[in-house]
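**Student:** Chain by chain, the residues run as shown.
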Amino acid sequence: DAGVIQSPRHEVTEMGQEVTLRCKPISGHNSLFWYRQTMMRGLELLIYFNNNVPIDDSGMPEDRFSAKMPNASFSTLKIQPSEPRDSAVYFCASSRGGAFGNEQFFGPGTRLTVL
Amino acid sequence: DAKTTQPNSMESNEEEPVHLPCNHSTISGTDYIHWYRQLPSQGPEYVIHGLTSNVNNRMASLAIAEDRKSSTLILHRATLRDAAVYYCILRDIGGSNYKLTFGKGTLLTVNP
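Listed in order, the protein sequences are those of chains Z and Y. Just add 266 to wherever you are in the first sequence, counting from 1, and you've got the working numbering. Just add 587 to wherever you are in the second sequence, counting from 1, and you've got the working numbering.
Just so you know, these hints were derived from the structure itself, not from any lab.
Straight-line alpha carbon distances no greater than 20 Å define the calculated DMTMM-like cross-link-like pairs of lysine to aspartate or glutamate that follow:
(1) Y:Lys686 with Z:Asp323
(2) Z:Lys344 with Z:Glu280
(3) Y:Lys590 with Z:Glu310
(4) Y:Lys686 with Z:Glu310
(5) Z:Lys344 with Z:Glu310
(6) Z:Lys290 with Z:Glu277
(7) Y:Lys691 with Y:Asp669
(8) Y:Lys590 with Y:Glu653
(9) Y:Lys686 with Z:Glu369
(10) Y:Lys590 with Y:Asp618
(11) Y:Lys691 with Z:Glu310
(12) Y:Lys686 with Y:Asp618
(13) Y:Lys686 with Z:Asp322
(14) Z:Lys344 with Z:Asp323
(15) Z:Lys290 with Y:Glu632
(16) Y:Lys656 with Y:Asp679
Footprint (simulated), chain Z over chain Y, 3 or more residues, beta carbon under 8 Å:
(17) 631-637
(18) 687-698
Values in this document were obtained by computation on a predicted structure and should not be read as measured data. Where a beta carbon is used, it is the ideal one built from N, C-alpha and C, also for glycine.
Sequences and hints are given; from them, build the entire structure.
**Tutor:** Structure representation (structure tokens):
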């Protein structure tokens, strides 16, 4: 099993540019999560999808952030326009079902630097 | 969400047992106790979870106090690879049970 795949692993961009982060969940998992990790705020849940449908996007910081899951094997997190305060490590995670107790499997993360 | 309290850091020697404590005095009857860890430059990974009884798996053991207000993650023989941040998380069986709310965790250092 390849695990959760994220790309790119590192992204450096300039303020104002559009950034797209990609995630391929583990096959058969129908829950997908996007998290953001910074030194100041730790790990925060941004958005949760179940069966490709966004269930909870209350953690999305503002309208500059958007996430999509067009099918069960692919999701994107887009920031437009990007700002220096968006610099963080972004993790995608997946799990089987929305049922309680299922562990979440995290990807290796994308380290985003906005100059 | 019910909160957890963990020491900021702990140190251990290689091949010795490690006991990582977690206090959760406001835990509710429907909260499970989950542990995740995050190795340097990696995403978090699941370690173990439990409700009332002690639990064992290949990675660790979880000892839960009788009143459930505290728990201890036990690594039986620490290795250098166990150096990580360990997160103790309460997860409600109902409602928004998909949520993992990460605190600051405990940074475990393992000395050779």
